[in-house]
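Q: Between the sequences and the hints, there should be enough to build the whole structure, so can you do that?
Which chain is which? The protein sequence lines are X and G, in order. Once you know that position 147 of the first sequence is 218 in our numbering, the rest is easy, because the numbers rise by one and skip nothing. Once you know that position 261 of the second sequence is 332 in our numbering, the rest is easy, because the numbers rise by one and skip nothing.
Be a bit skeptical, because a hint or two may be false.
[Unchecked claim] Stretch-level coverage of chain X by chain G, calculated; a stretch enters the list once three of its residues show a Cβ under 8 Å from a Cβ in chain G:
hint	segment
1	118–126
2	130–142
3	155–166
4	189–203
5	375–386
These are computed hints drawn from the structure, not numbers from a lab. Glycine included, each C-beta is placed from N, C-alpha and C at the ideal position.
Protein chains: 2
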Amino acid sequence: MGNQRTDVEDLGEFGLIDFLTKNIEIQNAETILGVGDDAAVMDYYGKQTVASTDMLVEGVHFDLSYAPLKHLGYKAVIVNLSDIYAMNAEPQQILVSIAVSNRFSVEALHELYEGMYLACKLYNVDLVGGDTTSSNSGLVISVTVLGSVTPDKFIQRSTAKKGNLLCVSGDLGAAYIGLQLLEREKRIFLENPDVQPDLGKQTYPLERFLKPEARRDIVKFLAEHEITPTAMMDVSDGISSDVRHICDSSKLGCTIYEDRLPVDEQTKKMALDFNIGYTICALQGGEDYELLFTISQDDYDKITISEQISVIGHMTDADDGVQLITSSGEKHKLKRLGWDSFKQD
Amino acid sequence: MGNQRTDVEDLGEFGLIDFLTKNIEIQNAETILGVGDDAAVMDYYGKQTVASTDMLVEGVHFDLSYAPLKHLGYKAVIVNLSDIYAMNAEPQQILVSIAVSNRFSVEALHELYEGMYLACKLYNVDLVGGDTTSSNSGLVISVTVLGSVTPDKFIQRSTAKKGNLLCVSGDLGAAYIGLQLLEREKRIFLENPDVQPDLGKQTYPLERFLKPEARRDIVKFLAEHEITPTAMMDVSDGISSDVRHICDSSKLGCTIYEDRLPVDEQTKKMALDFNIGYTICALQGGEDYELLFTISQDDYDKITISEQISVIGHMTDADDGVQLITSSGEKHKLKRLGWDSFKQD
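A: Shown next as structure tokens:
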């Protein structure tokens, strides 16, 4: 769209909504009525509806000086889809509300929505509603996602059993390292705008932070191999914090083995550059959007078929808390140290 | 809770969520899983799900210098429920996300949620999920509501027919006058903090602005009397703007009669004090949260049973646009003049 700039004010709220939603193609037969009325209508005969919502706030969850708007839109959808997969459900519709100040042009918002629609397309999800309003300061994005699940097949956090194996998909800590890299280059740029950013060849951590994916493939693998996790959630705040939700609600503890934590080679190398232990990244770095789940020991053989799943520990008595067995065999109690938007850095 | 002040920071995000949701009582059998997991689970065998979302932004939709937090929470829920009733559906669950700066204490947020829970209780709705995050500036509230409707009984905006009668529930313009009153008293207070606010005895407009209700009773009346509106929506931006959605999507025009517009006596009196024509308030004042709908002429006798419903006009050809017949019999074409958060005052 070149350098054209249309002010949001010129379009008005309804013009903006029309502009942002005109290319929607409804993908699910269940979506009877989408954008353009007071509410969306969905048909769910014989299925259960699953709904979740996440809000992203400028200056808290993202920094527009290095997060391209299209990636931001993509990520805003993905983090919501991840919650639905974590229920063992299939996302089907999203509702998106945004508050924007007049420093955003219509073209900028178009970029944002292009990223959302791309995620919708790839994950077969319909954007069925939302709200668009002005803001006196930063950008706020609120996404609600609805999904469906075969009756009684949804998986909670509270149903892990003692002796269950603790598993995680993919790898951990890369998004945290990606963020460190972007923050470093931003500091350098602010000190000397003539220096070109050195993002290196280690693009994996950047991609993990800027454009994460949701683990639909893992939910599919589990179904195909008839593995029903006893508890499941997604990794958003770092597993040392997230696993505590499973422990607390299941009234259990757990033991995690440091040498079982899946960490990508690029992440390890860059963690070294930043002088951060990669185990810390894996345990405390948030925004991995992997699935963290528990399975019966009987399912161990089946789970090892997937190279995308690591068994990282097992569930213990509540009194044991969350323990880490280090590579050298030492035992540490882990404290709750995940990311919390209310804590000051 | 007296003057105790707990910083949000001290509780952390999960502590805050626990604190804010600990008193929830699930009301609907369909609500299988509520707050505390990645997503909420609902059961809708043989029903259709309806979902809607609205975002309220401090400084745009509300001013905390005169909107008590409890009322604000109540209103944030009501404006969403109103969207569901406007579909001829029954609201059942809400998801609430808030972004708050550290100038809000836990007690203040408790007040906000108390208002939300009160609305939930009165309208038989469950709060089933949400997100709570920090903000660098103002308060942002995003509510998503899910409801159910008997299959194919939902009512769209696009299905009005030429010759249909245009109806509205309750009365119009009071919320706008309530806002003018609050703005006037705020200006006086800022100029001279010693002057006590003079909110007078005309409490109805204030209540309409600060603590509106959603018209569940109208949906019930229509069902009981077997009146199926041909199109329906709620009045949020002012009927001169809102009716255009019915006209545009139904490819029709409409004629509205000034002397049929329902305006409360207190509203008329105060409009006079403010030197604003009350017809302007009724047409352009937003936030009434009444239902605006069209019915077949055959239903005229049945609709007159309700004193809460006024027939204000009828649907015409698209070429006629939105016309007002004044009390003196003159004909005016109405321009789109409703409230738009992107327009500067």
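Q: Does each hint hold? Answer for all of them.
A: A quick look at each hint next to the structure:
1. 118–126: Holds, because 9 residues of the segment 118–126 of chain X bring their Cβ atoms closer than 8 Å to Cβ atoms of chain G.
2. 130–142: holds (count 3)
3. 155–166: With 6 residues close enough to chain G, the hint holds.
4. 189–203: holds (count 4)
5. 375–386: Coverage by chain G is violated here, the residue count being 0 at a Cβ distance below 8 Å.
Checked against the numbered hints above, the structure violates only hint 5.
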